[in-house]
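Since chain A is already given, all that's left is putting chain B on it; use the hints.
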Amino acid sequence: MTLAARQSALARFLVDLAFERRVRSEPEAVAAELGLTPDDVRNLAAISTRRVIAFRASRWVKERRRRSGNDST
Amino acid sequence: MFPVAVGLSVREPWIDELLRLPSRAPIDVLEVMIDDVLHCTGAMGRYRRLGARWPLIAHGVELGIGNASGLDVRYVEAIGEATSMLRTRWYADHLCFLATDTITLGHFAPLTDDEETLGVLAENGALVADRVAAPFLLENPADVLGWDVRPPDPGTGLGRSFGNTITAAGAGAVLDVTNLLYNARNDGFSATAFLDAMAANRVVQIHLAGGRKIDGLWIDSHDRPLEAESLDLLRHALRLTPNLRAVTIEWDEDLPTLDEMLAEVGRIRAVLEQEGRR
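In order, the protein sequences belong to chains A and B. If you number the first sequence the way my numbering does, the last residue is 79 and the count never jumps. If you number the second sequence the way my numbering does, the last residue is 280 and the count never jumps.
Next up, chain A with everything else stripped away, as it sits in the complex:
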């Protein structure tokens, strides 16, 4: 599996709530559909919901900072 495919899956997992739910509920189907290995999908599913929410919150803050011209993180 290529790095580009793994990055695409992680990025989608982080921004697409429906995809995140599918990764958690149907990991084998997602792996087959995207040509990922079972380990690739297990790595995504192992990220807790709380941490995904924290990432999304940080992303939102970052976007707000960017619009106001204050972002160094």
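If you're looking for bench data, these hints aren't it; they were derived computationally from the structure. Nothing here was measured: the structure is a model prediction, and the numbers come from that model. Just to be clear, a hint being listed does not mean it is correct.
As the list claims (entries may be wrong) - Label-pair restraints from in silico Cβ distances: (1) A:Ala52 / B:Pro244: 36 to 42 Å; (2) B:Arg162 / A:Gly41: 26 to 32 Å; (3) A:Ala52 / B:Leu129: 30 to 36 Å.
Just so it is clear, CB atoms sit at the ideal spot from N, CA and C, and this is done for glycine as well.
For chain B alone, coordinates are given in the frame of chain A:
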């Protein structure tokens, strides 16, 4: 070892006051958010005025050095032009990927040190080296996802991985001590093991900031004074980083006054003096 400069990351509300300070002291160096220079009309002139008084270093957030889909060549060229005009001592961004062919995250997504990632970092790092004359550094980002945290000794594993990735990119390092501290707290690993395992001789700059715990996770919110534990970790780092040139503090939310920031700079300076790095 080199004497280590101490300074702060400039925010727009402080610029006029900085320019009115009667002398350069107590700041040795200023960090410029290079994306602000690219995006804000008139920013270049203001930062050049700052650059006439202080050495400048450039810090970015939009590169995405680990993007498997490649870098935005026009962006890299704009960075090269801006850093040349400001004569920055170096240019730094974050070790992460930011975008794929179809999704722009705009926030730092984690990397590992597998062979394919190292190849992408080498290719992208070579492009930066070709288009940006200033030395290139990469920073360890905060990672709330806890990516690639592997037992039995995650601190050592993550430290080695950081060293492998920056080496592949041909970059020096910005060691963000606060990011490291918070990652270590969130994932239960030893921050000092990370420091001991990383390529510490590549560290040219150290970042510090204050953050807070939100919903059980430590977040680098850049809205608090420095924690004593960050300064303790700074002490440990100072003993491992012979090529360190600057320590800077960042603050992004609920900005304090410039005087309050200078007081924080003073706390860092005191640690550097105690450790014989001034």
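Name the hints, by number, that the structure is in violation of. none
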